[in-house]
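Bring the two chains, given one by one in their own frames, into a single complex with the hints.
Going line by line, the protein sequences match chains A and B.
Per the numbering used here: the first sequence = residues 2 to 312.
Per the numbering used here: the second sequence = residues 8 to 434.
Quick caveat, the hints were computed from the structure, so don't treat them as lab data.
Take the hints with a grain of salt, since some may be wrong.
To be verified - Using C-beta positions, here's what the derived DEER-type ranges look like:
#1 A:E88 <-> B:E434: 34 to 42 Å
#2 B:E247 <-> A:Q229: 33 to 41 Å
#3 A:E199 <-> B:H251: 26 to 34 Å
#4 A:G202 <-> B:H251: 35 to 43 Å
#5 B:K135 <-> A:G202: 47 to 55 Å
#6 A:K120 <-> B:Y77: 19 to 27 Å
#7 B:V27 <-> A:S5: 55 to 63 Å
#8 B:E194 <-> A:G202: 24 to 32 Å
#9 A:E88 <-> B:E141: 49 to 57 Å
#10 B:E144 <-> A:R58: 55 to 63 Å
#11 A:E275 <-> B:D277: 37 to 45 Å
#12 B:E247 <-> A:S83: 48 to 56 Å
Cβ coordinates follow ideal geometry from the N, Cα and C atoms, glycine included.
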Amino acid sequence: MIKSKDVLGLRDMTAEEIRHILDTAKTMKYILLTNNKKTPHLQGKSIVTLFYENSTRTRLSFELASKYMSASSANISASGSSVAKGESLVDTGRTIDMMGADVIVIRHPMSGAPHLLAKYVRASVINAGDGMNEHPTQALLDMFTILEKKGTIEGLKIAIVGDILHSRVARSNIWGLTKLGAKVCIAGPSTLLPPGIEKTGAEVCMNLQEAVREADVVMGLRIQLERQKKGLFPSAREYSRFFGLNEEVISLAKKDAIIMHPGPVNRGIEMTSEVIDHERSVINEQVTNGVAVRMALLYLLTRRRSNEAAD
Amino acid sequence: MKLLIRGGIVVDPDQGINDVMDILVDEGKIISIGKNLDHTGCKVINASGMHVLPGLVDAHCHLRDPGYEYKEDIESGTKSAAAGGFTSIACMPNTNPVTDNESVIRYIQSKAKTRGLVNVYPVGSITKGMKGEELSEMGELKLAGAVAVSDDGKPVVSSSLMKKALQYASMFGLLVISHCEDLDLAEEGVINEGYNSTVMGLKGIPSAAEEIAVARDIILAEYTEARIHIAHVSTELSVELIRHAKNRGVKVTAETCPHYFSLTDDACRDYNTLAKVNPPLRTQKDVEAVIRGLKDGTIDIIATDHAPHHMDEKNVEFNFAANGISGFETAFSLAVTYLVKPGHLSIDEVVNKMSLMPSKILGLNKGTLKTGSPADITIVDLNREFTVDVSRFKSRGKNSPFNGFRLTGTVACTIVGGKIQYDAGNE
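Bound-form chain B, shown alone (with noise of 0.2 Å):
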């Protein structure tokens, strides 16, 4: 049967549109779109007062499977994504075996087919089991998939071995995206390095430690001509030297997270674990930093860095405590109330960010509501309000630093391939 989104604010950076526009759609493809549809044998979805956005994908996040289902599984992960009106997403190869093979993309092809509520884009390894000695298999886990290469949690230390990466992975056209961090200089941290730090007794990590990572990583992506994206930004000066690599013409495309716009190291008071992940949360005018990258488009995309865990790895000592929050499901409520409501970007260069981007960096063709295209759309209500209730949460992962907050902007539909797969009115 057809589906019609009816009367609904249509925003599709791809084409322009920011209009109230009806979208039909059948055997899972949008097959018109337009003022005034005939909905004659249709199921009519009425999006009045609602905004009606190309799919939300999401280019960072951890699914946990193969190998830590107790924190979430390809099933839940989806789900909780659906909720959040993510429609694809690509998992990061930290999963256990790392995805270093082909039949690990395999694997999680498979399952993402038959239990996944959402597209899912497995990103392999760029070193075998991620220990930074030996380039993975690029040629063939391209062949099986693979999105993107990535040590995700881990950088490649030795430089070397990050120049042969980016000459390797270009070679097949595979995205690096890289985890910036210099490890001898984080040293055993578990926190930004400041006031906070002290004041808590806790181990800092500097800002340079991601900074000098960022600017080695875009010297040998200058050097060697390959492209990278840079994930999770979170400094001030990761952003000048991102900022700075693009007026030189370096192949860089950026990320940061909602946590880096909306919190700093204050969230860490009182040994909050919750507010515990990595790269660390910074201060004030790292926040800011990070807007006005948003804003002038050094950082090209948001991406949520879901990182699912259990309770009980993150209720023990701070420096015990796992690295991560659980972000599909505030992800694009976070953007409203701390991007868009504040005035520093529209929702066309929210839902820019948000999905046509990450969809052509990761080379998706996702992103757009345009005639022909897989219907993969989401439903938002800008202005509704609601407080974040970790228990109603579709991850298994509860552990969010945003437990109670008051945010702006609801998922009320997530349509992926013409299917509805999360509806906020039947929840």
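Isolated chain A (complex conformation) (with noise of 0.2 Å):
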């Protein structure tokens, strides 16, 4: 049962809500592997996709994943509504939410502005990544994904590497990963690395090679190259071969660790082609799980509004 109306980040959940969502996405990508991807799960339910910046996975997988299980849905995007004529967040989501959505699905650039949206709106909302806050259903897909791998998550060690500090996918990751008992290691160039990240439960560790030893897990990050502009990193070049994940670097991981990276990669720069297209890369299978567990995640929060309507 999800204890809340929304879904905004993982740092508020429980151990028992994330293990509750990652159950119902197996159910979720059976069907999805099945023939006849159809579903009557949201039957009469409406979903709208609310997006302020650019999206191909995220957007697409949570607009399948209601159309497989017969939602209405419908989207929005900042350039073609009015919220390009200078409509306030607010305004807008309670637009969306007069025409009768059940469950607001947004990305915005702004941190916090999904938590502004679900005080105004009597919807649920979902979180699909706030500026560099959180991307919980990222981390999701990403922990559905190490536990079909692994079996368990409690007791892995989990590196994450890269850009700590701009990524909203490595702080859901770390509340996600630590609530379920792995040990989650970053490592990334030290302008990059927020203060206080330690405290989130994460070890910080010196380099990228410390992290990566025997880890379990290697995740990478996506690097934005116009960072190098505001002078973070020096160049893509230095960044790579401090920080770019090898199969030299790989190597230093367990026999049978696994490689993933939540897309769009920059090849050859945090991570080489050949780590990507490895046989042990699940980069391609995050993508189908991603479906399975936005299909749980809605499933989940309509049937709790059904409930409580029903009581």
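What follows is the structure, given as structure tokens:
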């Protein structure tokens, strides 16, 4: 059971809630792999995706998840809507709410935007990535993938490397994975490690090698090349030399370690093509699992709403 | 008719008084202060059990008039000030137009005279349009009645221009009030850089952004031998730098605001835009250092930085939200609750920092209950507890992170020039 109306981040979620979502996603994945990808789980429900930022994977997976489960779905992006005319987030949210949305999925470049929206709408709000804060559904699909491959999360050593400072994926994964008992080791250029990150439960490593050594999971993060212009690292070349995941670095991990990346990847910078296409890379499976996890979340949230309405 | 304030505990640091006394007021002035004064023919205010203070003086507020009257205007702002116990306030220049010339100063003065409830002292800008490019006509600002110059809300980025501003302003005896912020270092930050900025994924403002600017400005003040007043001190190292400068004999004074001794950046949790302020709320160790600075005199005064905003400017994404707290109506109670009650400062010291010292720093001749002084008097109840309710604020700005806080110490009555401008009993 999900306790709150909204899914804004894994920081506020309990281990039990996370496990429940991941369990439900197993069933959803089964449905996803059948020939007839249509279930009535969300019949009569309406799902709106509200994207203030570009997205391929997250947006499409939410849309397909809604459609596979027979919901009515619609999407709005900032550029083609009243947002471009200067409408406030609260006003836009209320408008969507009044049209009967059951769930609003929001992606926004500013941290906390989903939290603001959630306060003003009756619909359940799912955070599909807000600024540098959280990207809970990405972390859930990452955890689902790890569970599938490793059977458990507890006790695993998981290396997360790259631009931790700007990464909402890293934050959500740190909260989620540590709650399920993993040891999360992070590494990245010191300019891209946010202050106090060690208090989140993650262990900060001095270098890439230390983080990856004997790891069960190696997760690379996307490095935004624009950051170089702000002086956060000297060049893509130096970045890949010290923090790029190549076969040599991967060989330090456990023999059966899996390789992950939330995508989209800068090939040859944070990860070499050999690593991306490695036999133990699960990057493509992560994408499939993204649909399953989002199906599970939509189902659980709408069921919670129906139960509440029945009370 | 004469007014007699009877039987209150009079606290007047200027005369070293802390005793039960009566105060007699006539024609806007204090004509007598002493025990058991004759009350025949007087309107009597019974102040027994209350404390009677020289009217509070705020060296730092924003009245938003002209230009942003939807946030506050001189009438609503001074009503709010009176309700907070303030009888004299200095308003910052970031209006529209900016107070960079005589006419805007005159406008504020004339509106304050006809519509204002308390004494209003405009602060002129250091640079034209607060653009940080050319000096304002400070001589004319001074002649028009500006009590200080500041580009508050913004720093003067150029060190060379800041040096000239200090030299030029000191020629006219004008105080320079500095908003200390290294904008290059603060970048687009919206909250103190630290664990909370990390956890919320918000761009942080390092405490060093304030401290570097404090260091620069006190170095320039020492070099030019000019006076400088550091606005809204919020960090441990800023306090230490000012302490060091004072020991060297630099003519520096400093203020802090109630939110810097009562809140930490934890108040921003859950993207609470009401706690978004510049400089940002810091950490517990900074709060403790600010209190130590208040105790040892490094920080001379407590100012409100009353910064009213419309709620539409707060009910937005944290990054978009306006900086500022509507502060007049909680300042005194916060000082009582967070400084007097825990024993950090005596009530005399609080009165000194909220009345006499700000008056001295701005050169106002206020902050005293001496016979012959204007009858600016604030009567307070130091024991009364209340719950902050922003809907009852006189200010148009309901933006306070203290809404719902249980505080101690209320303002019972505010008298400005012998006239009762706020009376809690009539509310």
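Going through the hints against the structure:
no. : hint                          : result
1   : A:E88 <-> B:E434: 34 to 42 Å  : holds, 39 Å
2   : B:E247 <-> A:Q229: 33 to 41 Å : holds, 36 Å
3   : A:E199 <-> B:H251: 26 to 34 Å : holds, 32 Å
4   : A:G202 <-> B:H251: 35 to 43 Å : holds, 39 Å
5   : B:K135 <-> A:G202: 47 to 55 Å : holds, 52 Å
6   : A:K120 <-> B:Y77: 19 to 27 Å  : holds, 23 Å
7   : B:V27 <-> A:S5: 55 to 63 Å    : holds, 56 Å
8   : B:E194 <-> A:G202: 24 to 32 Å : holds, 28 Å
9   : A:E88 <-> B:E141: 49 to 57 Å  : violated, 39 Å
10  : B:E144 <-> A:R58: 55 to 63 Å  : holds, 59 Å
11  : A:E275 <-> B:D277: 37 to 45 Å : holds, 44 Å
12  : B:E247 <-> A:S83: 48 to 56 Å  : holds, 50 Å
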